[in-house]
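The listed protein sequences derive, respectively, from chains A and B. First residue of the first sequence? That's 1 in my numbering, and the numbers climb one at a time after it. First residue of the second sequence? That's 1 in my numbering, and the numbers climb one at a time after it.
Derived from the structure by calculation, the hints contain no laboratory data. By construction, the Cβ of each residue, glycine as well, lies at the ideal position given by its N, Cα and C atoms. Certain hints may be false.
Said to hold, decoys possible - Beyond 12 Å from chain B on every Cβ pair, some chain A residues (computed):
no.	residue
1	Asp24
2	Arg28
3	Gly93
4	Ala127
5	Glu176
6	Arg188
7	Ala200
8	Val203
9	Ala253
10	Val256
11	Leu282
12	Trp316
Unchecked claim - Coverage of chain B stretches by chain A, computed from C-beta distances (three or more under 8 Å per stretch; other residues unrestricted):
no.	segment
13	64–78
14	94–103
15	231–244
To be verified - Just some of the chain A residues that point at chain B, by a computed CB distance under 7 Å:
no.	residue
16	His99
17	Thr101
18	Leu124
19	Ile130
20	Ile148
21	Ala150
22	Ala159
23	Asp314
24	Val315
25	Arg324
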Amino acid sequence: MESPDGLELYTRMSFLRRFLEKVDSLYRQGQIHGPVHLGLGQEAIAIGAASVLRPGDYSIGTYRGHAHALARGAPPDAVLAELLGRTGGICAGKGGSMHITSVEHGYYGSYAIVGAHLPVACGLAWAAKIRHTDQVTVCFFGDGAVNIGAFHEAVNLAAVWRLPVVFVCENNWYMEYTPIADVIPVARPAADRAAAYGLAPVVVDGNDVLAVRQVIGDAVAAARNQQGPSLIEAQTYRLKGHSGADGGSYRPADEVARWALREPLLLSRAALLRAGTAEAALDEIDSRARAGLAALARDVLARPVPDPATAWTDVWSDGGWQWRN
Amino acid sequence: MAELTYRQAVAAALAQEMARDERVVLLGEDVASGGVFKTTGGLRERFGPDRVWDTPISEQAIAGAAMGAAMAGLRPVAEIMFADFYATCWDQVANEIAKIRYMTGGQVSMPLVLRGANGSGGLGFGSQHGQSAENWAMCVPGLKIVSPAGPAEAFGLLAAAIRDNDPVLVFEHKALYGGKENVPEGEHVLPLGRARTVRSGGDVTLVGLSITVRTCLAAADELAAAGVEAEVIDLRTLVPLDAAAVLASVARTGRLVVVEENPGQLGWGASIAAIAAQEAFGDLVAPVTRVSGGNVPLPVAASLEAEVDVSPQRVVAAIRGLLDRGKQVSGTRHRER
Numbered sequence: 001m002e003s004p005d006g007l008e009l010y011t012r013m014s015f016l017r018r019f020l021e022k023v024d025s026l027y028r029q030g031q032i033h034g035p036v037h038l039g040l041g042q043e044a045i046a047i048g049a050a051s052v053l054r055p056g057d058y059s060i061g062t063y064r065g066h067a068h069a070l071a072r073g074a075p076p077d078a079v080l081a082e083l084l085g086r087t088g089g090i091c092a093g094k095g096g097s098m099h100i101t102s103v104e105h106g107y108y109g110s111y112a113i114v115g116a117h118l119p120v121a122c123g124l125a126w127a128a129k130i131r132h133t134d135q136v137t138v139c140f141f142g143d144g145a146v147n148i149g150a151f152h153e154a155v156n157l158a159a160v161w162r163l164p165v166v167f168v169c170e171n172n173w174y175m176e177y178t179p180i181a182d183v184i185p186v187a188r189p190a191a192d193r194a195a196a197y198g199l200a201p202v203v204v205d206g207n208d209v210l211a212v213r214q215v216i217g218d219a220v221a222a223a224r225n226q227q228g229p230s231l232i233e234a235q236t237y238r239l240k241g242h243s244g245a246d247g248g249s250y251r252p253a254d255e256v257a258r259w260a261l262r263e264p265l266l267l268s269r270a271a272l273l274r275a276g277t278a279e280a281a282l283d284e285i286d287s288r289a290r291a292g293l294a295a296l297a298r299d300v301l302a303r304p305v306p307d308p309a310t311a312w313t314d315v316w317s318d319g320g321w322q323w324r325n
Numbered sequence: 001m002a003e004l005t006y007r008q009a010v011a012a013a014l015a016q017e018m019a020r021d022e023r024v025v026l027l028g029e030d031v032a033s034g035g036v037f038k039t040t041g042g043l044r045e046r047f048g049p050d051r052v053w054d055t056p057i058s059e060q061a062i063a064g065a066a067m068g069a070a071m072a073g074l075r076p077v078a079e080i081m082f083a084d085f086y087a088t089c090w091d092q093v094a095n096e097i098a099k100i101r102y103m104t105g106g107q108v109s110m111p112l113v114l115r116g117a118n119g120s121g122g123l124g125f126g127s128q129h130g131q132s133a134e135n136w137a138m139c140v141p142g143l144k145i146v147s148p149a150g151p152a153e154a155f156g157l158l159a160a161a162i163r164d165n166d167p168v169l170v171f172e173h174k175a176l177y178g179g180k181e182n183v184p185e186g187e188h189v190l191p192l193g194r195a196r197t198v199r200s201g202g203d204v205t206l207v208g209l210s211i212t213v214r215t216c217l218a219a220a221d222e223l224a225a226a227g228v229e230a231e232v233i234d235l236r237t238l239v240p241l242d243a244a245a246v247l248a249s250v251a252r253t254g255r256l257v258v259v260e261e262n263p264g265q266l267g268w269g270a271s272i273a274a275i276a277a278q279e280a281f282g283d284l285v286a287p288v289t290r291v292s293g294g295n296v297p298l299p300v301a302a303s304l305e306a307e308v309d310v311s312p313q314r315v316v317a318a319i320r321g322l323l324d325r326g327k328q329v330s331g332t333r334h335r336e337r
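Could you build the full structure based on these sequences and the hints that come with them?
Rendered as structure tokens:
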């Protein structure tokens, strides 16, 4: 497997950032039918984690899942077409923003019921265990998910079955509009619950892509070596609201300002500059990503919408929808 | 032919499919030790621990793990011990398993089976262990629904469900587990979506499912003594639904009685009745009639349970009403038979 350096990780994060900014802008222009949930500010987790996975590994995430699909290699034009309701959408227009999936790239879906996919992650990992392969499953979820029953059932099952799965809680400190501290009696939503499953409490700076890469990399290696599951809390912060429609005004201004100074691209940029990378080179990476996204959006918007007849396909494995004769 | 009980037939179908396809794996509460209804006996010993997995009491984890494994290419069979427990994992079943193929534009298949004990049958299991829950699934596009009425069906339909590439919920009736029947020797598979005419008759069509097939047959015997010949159709599966078999029978008899064990409120019988009303209106000489379980939670005391469960007597009473009705209206369009 290639081992990306800091500049490569910055380049990938920069592309994700511009992609999500473009989605935000298209949403505000009314080009997106339905809600969007942006991972702006949480790019380091997606990129850092994906950088330690092999092509056969599984990952799975939430409705805030664009970054996780793209990080595994999902084609940006197909993701954007899905968001914009154009032909060539990665889910053929039937999933939309909350269900971006790219099985071909090992990303087994974005799930819009909070916590629902943690048991599914167990199943992916269970299949690898039954087949005695060394495939690992990485499951991303938010801090709000630790309060739903499926979290408990899944982490418990993974622990007792010693499944090769890494649970990654993206703690952005807000359960939708509510501070996580208001709805959980411990300071660290995931880490402080790890002991209940016989797991170590692991916390990582989710805005530091190299730290994420290191910590998730260790957990993935352990899972690959049949040492069982891990539960990691990656602490981060949304740069925007919960969804496209949410301005995030419930968050104190000083808190937002504090986190803005340590968002992942700034951190990565500062580290690269310290290591001697020229600022112009980083600017060039950013502007190339911006220009690429602008062109991509124009192209995708010019595509036709899906043929209405395709609404009737793919309920069943025979391709159709009929439930009776 | 071998005589098997319904529960033996379930175990035999699982064994047949596990021997045939190593991707078939089992999970559920107590399944390794044979299961509380003794439907998985001997399978762990025969196929080993990689094929039969005991789980915690965690229905969301059971259903979700089955889903993940199915996406990864296995063909899991998960036991949900009592159908009532679907309520605890309904998100996995209705929101995830049923929809994932469609939501992903066909990127994944969901070849899994969820199976377990369903229904009342007068056993005193009450409101949380005695419901007939097929209806819960029937309003969710993307789920197939199987309810075997006897051992041969329990065997053949479960085998078909395991081979199917879509999610199938198999509702085994707990009051039928002990019943015996001859099951064909060798490989036994019955197609999904094909109803069976278990008794022929020209006066009225009775449609049953699972245990109510028995109810319909008992009613038909009683009516036969009075000179009324009932045709009894065993639906076998609700999705896919063999509506054509029902409509063809109604075209011959002109009368339709649908018998379901669950409460009548939006029961599956309502769908059958609606289809007949819309598509067989010209054939009907009497109103489509439904006999269903009472619209109350299921009580436990035997006298109360019997009051609300379906029974042959209630079916017979419904049919007598229809025959009288038929006489009144059929003067102008008496059926040629």
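The hints, checked one at a time:
A cut-off of 12 Å between C-beta atoms confirms that Asp24/A is not in contact with chain B; the least separation is 23 Å. Residue-level check passed: Arg28/A sits 25 Å from the nearest beta carbon of chain B, beyond 12 Å. Taking the minimum C-beta to C-beta distance to chain B, about 7 Å, the non-interface status of Gly93/A is violated against the 12 Å cut. Separation of Ala127/A from chain B is inadequate, the least Cβ-Cβ distance of about 3 Å not exceeding the 12 Å criterion.
The claim that Glu176/A is not at the interface with chain B holds, since no C-beta of that chain comes within 12 Å of its own (minimum 18 Å). Here Arg188/A stays apart from chain B, with its beta-carbon at least about 23 Å from theirs, past the 12 Å limit. No Cβ of chain B approaches the Cβ of Ala200/A within 12 Å, the least distance being about 21 Å, so the stated non-interface status holds. A cut-off of 12 Å between C-beta atoms confirms that Val203/A is not in contact with chain B; the least separation is 25 Å.
Distance check for Ala253/A against chain B: the nearest CB is about 37 Å away, which clears 12 Å, and the non-interface claim stands. The Cβ of Val256/A sits about 33 Å from the closest Cβ of chain B, beyond the 12 Å cut-off, so the non-interface label holds. Distance check on Leu282/A: its Cβ is at least 36 Å (rounded) from any Cβ of chain B, clearing the 12 Å threshold; non-interface status holds. Its closest Cβ contact with chain B, about 5 Å, brings Trp316/A to no more than 12 Å, contrary to its assignment away from the interface.
Counting residues of the segment 64–78 of chain B whose CB lies closer than 8 Å to any CB of chain A gives 12, which reaches the minimum of 3, so the coverage claim holds. For the segment 94–103 of chain B, the stated coverage by chain A is satisfied: 6 residues place a CB nearer than 8 Å to a CB of that chain, which reaches the threshold of 3. Here's how the segment 231–244 of chain B fares: 6 of its residues keep a CB closer than 8 Å to some CB of chain A, so the rule of at least three is met and the hint holds. Here the hint on His99/A is kept, as its CB sits about 5 Å from the closest CB of chain B, short of 7 Å.
Taking 7 Å as the C-beta contact cut-off toward chain B, the hint placing Thr101/A at the interface holds, the least distance being around 4 Å. Of the supplied interface hints, the one on Leu124/A holds, with its beta-carbon coming within about 4 Å of a beta-carbon of chain B, less than 7 Å. Using the Cβ-Cβ criterion of 7 Å, the hint placing Ile130/A at the interface with chain B is satisfied: the shortest such distance is roughly 5 Å. The criterion of a C-beta within 7 Å of any C-beta in chain B is not met by Ile148/A, whose closest approach is roughly 9 Å, and the hint is violated.
The interface hint given for Ala150/A holds, since its Cβ lies 5 Å from the closest Cβ of chain B, which is under the 7 Å cut-off. Restraint check, Ala159/A versus chain B: the minimum CB separation of about 10 Å is more than 7 Å; hint violated. Checking Asp314/A against chain B: minimum C-beta separation of about 4 Å stays under 7 Å; hint holds. Below 7 Å, beta-carbon pairs count as interface contacts, and Val315/A has one with chain B at about 5 Å; its hint therefore holds.
Contact between Arg324/A and chain B, as hinted, is supported at the beta carbon level, the nearest pair being about 4 Å apart and thus within 7 Å.
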